[in-house]
Amino acid sequence: MSAARVRGDGPFAAVGRPVAVQVSPDGTLVAVGGAPSAPRWHGFDVGERPEPHRGWYPIGVYRTADLSCAHLVTSSWEPSSIAFHPTLPLVAVGTGTYDGGWRSDGELLLLDVRTGDVVSVLDELRWVHRVAWRPDGETLDLILSTRNDGEAEREGAARFTVAVRRSDWRRAQPGMVRVGALCRRPEPAAPVPSGNAEAGDAALIVDGLCTSRGTHRVGRGAVWALRALPDGRVLAALAGLSADGPGVRAECWSAGPSPDWSVPVIGAGCQLAVAGSSVVTVPGAVDDAAALYGAGADGSAGGAAAALFGGGAPSARGAADPAGEAGAAVVSLLDVGTGLPRAELPSDGAAVLVSRSDGWFVLRGRSGSVLYRPDGTAVSTVDLRGPGLYFDVRHSPELLCVDEVDGQRCVVAVDVPDGSVRPVFPLDWGTERDGVPGGGPAVFLTDAGGPAVVQAGAVHCGFALRTGCVFVVRRAYPSGTVSWVHRADHPVTAVESDGRRVFVAFNNGDVAVLDAVTGRLHRRREVEAGGLSRIPLSLALTAVGGLVIGTLDGLLVEWRDVD
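In this text, residue positions in the sequence shown follow the working numbering: the first is 16, and each later residue adds one.
Calculated from the structure, these hints are not laboratory results.
The structure presented is a predicted model; accordingly, all values stated were derived computationally and were not measured.
Beta carbons are placed, not taken as given, at the ideal position from N, Cα and C, and that holds for glycine.
Check before you lean on any hint, since a few could be wrong.
As the list claims (entries may be wrong) - Computed beta-carbon distance windows for the label pairs:
| no. | residue 1 | residue 2 | range |
| --- | --- | --- | --- |
| 1 | S83 | A491 | 37 to 43 Å |
| 2 | L103 | D576 | 31 to 37 Å |
| 3 | S269 | L536 | 32 to 38 Å |
| 4 | T130 | S273 | 32 to 38 Å |
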């Protein structure tokens with residue numbers, strides 16, 4: 016499988032939003048720390064990874080001559096400060112964050128710019144606000160945070176300055192710097208000037224590098240949804256690079272180097288469904304815990320449902336709108352050919368789309384669920400409990416979702432046109448295990464094994480994701496009988512099928528190809544573009560048999576030879 020076409024790529028696309036930058040002393044390299052789109056939206060979270068994965072925040076080392084990327088690594092925390100060593104091929108990167116209520120965490124990373132190897136050198140987690148090498152090449156000045164608010168109260172300051180002097184930086188080992196042994200000086204709350212760019216200036220520096228070389232920086236958010244049209248065009252929905260930044264409600268790609276049309280949205284474009292000559296677009300919020308975990312999901316017929324079928328009529332951007340901007344939470348029907356709006360539907364800001372292949376769809380929200388015809392006409396309310404567990408079934412002839420039936424999570428079908436809810440089979444297929452399976456992406460297929468749903472998810476045991484707890488399971492429809500189960504370690508982000516094979520994307524960067532009838536693994540391959548690993552979030556098969564992969568950094572990577 017090879018990438019025949021890559022859309023949306025460009026200089027510095029892999030780092031997302033630049034937040035820390037420094038150019039090397041000789042001017043040949045630039046190190047950029049970035050902040051990507053959050054690996055979650057209000058209905059679906061793929062941010063969890065088993066240890067020892069380093070995290071989501073990219074740090075790239077680029078050649079200034081042509082802006083190509085020499086190395087790309089990730090950190091568990093957002094980069095705060097970057098400093099090139101004055102003589103050695105090393106970059107010091109301070110990372111960290113505050114949890115908003117008690118604790119600060121972070122690391123001091125040393126990145127070898129020749130090999131791309133990374134070492135975390137502090138013996139405990141500390142937010143490293145600033146890094147700066149002295150001219151002697153042996154002393155590294157740091158501004159560190161206290162561990163938590165309690166330590167800050169005892170110390171009389173939330174940050175302190177230390178100087179770390181060593182002659183063996185080139186032979187750095189994990190945890191070799193003992194924070195407790197360092198002589199510390201309280202640091203005032205005001206920021207200290209340094210040679211590194213503040214986050215607000217980082218993008219300007221990177222943009223300046225691009226402009227001087229006759230190009231421009233590409234910064235695109237996560238591609239959460241893809242739909243391929245019969246004529247070869249591809250529809251995509253993207254998040255912004257920050258919670259309140261501009262995302263893409265929907266964009267349409269054909270053969271050109273840029274989209275045929277693109278419709279922006281504040282927050283994130285999250286889901287798409289084709290309904291005749293329209294596309295249903297569901298925007299929402301990224302990193303919104305209240306929406307993500309269904310706060311207030313009591314199934315009451317208020318909000319959007321009440322606006323259509325009686326009761327108070329909230330604004331489409333009402334108080335429940337996580338993005339907090341006009342139009343951000345509106346579910347829209349757009350013309351597939353032009354992107355022009357055809358209809359706007361009420362939403363409480365946390366809608367989750369349930370669709371079927373003929374264009375009928377249901378919008379599930381915290382304040383109720385509504386059944387719609389393909390033209391966007393509301394037909395009836397649907398008795399579902401809130402947004403529910405995420406269960407997005409591609410190519411389904413039925414409106415399938417997960418709801419609670421007699422205290423048990425079940426796959427249910429919403430009948431058309433009366434909106435009645437019919438239990439199909441329990442979500443848990445009964446195999447002995449610790450924990451209960453969760454929801455996730457799925458696909459409906461019909462082949463030699465009969466009609467079936469292939470669903471993916473994870474079994475959580477406590478708070479951590481354990482090795483082997485991710486599953487892809489084929490279940491006969493409508494009996495729910497299990498045909499096969501494929502186990503994995505990393506959460507599944509998307510599932511697609513052509514009836515012979517099942518394509519499964521994982522949040523570690525891989526796409527697996529399984530036999531649809533037997534579940535046998537044909538192959539598993541890392542998603543790459545421009546020589547860099549990418550994280551797949553969405554999948555769509557084209558009319559000519561290609562597989563389009565939407566990535567965390569805004570790319571559409573098309574594989575042609577998927578056999």
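A quick look at each hint next to the structure:
Separated by about 50 Å at the C-beta atoms, S83 and A491 break the suggested range of 37 to 43 Å. Checking the proposed 31 to 37 Å range against L103 and D576 shows it is violated: the Cβ atoms sit about 43 Å from each other. A hinted range of 32 to 38 Å for the beta carbons of S269 and L536 is consistent with their spacing of about 34 Å. Range check, T130 to S273: about 36 Å between beta-carbon atoms, so the 32 to 38 Å window is met.
Violated hints, listed in ascending order, are 1 and 2; each of the other numbered hints is respected by the structure.
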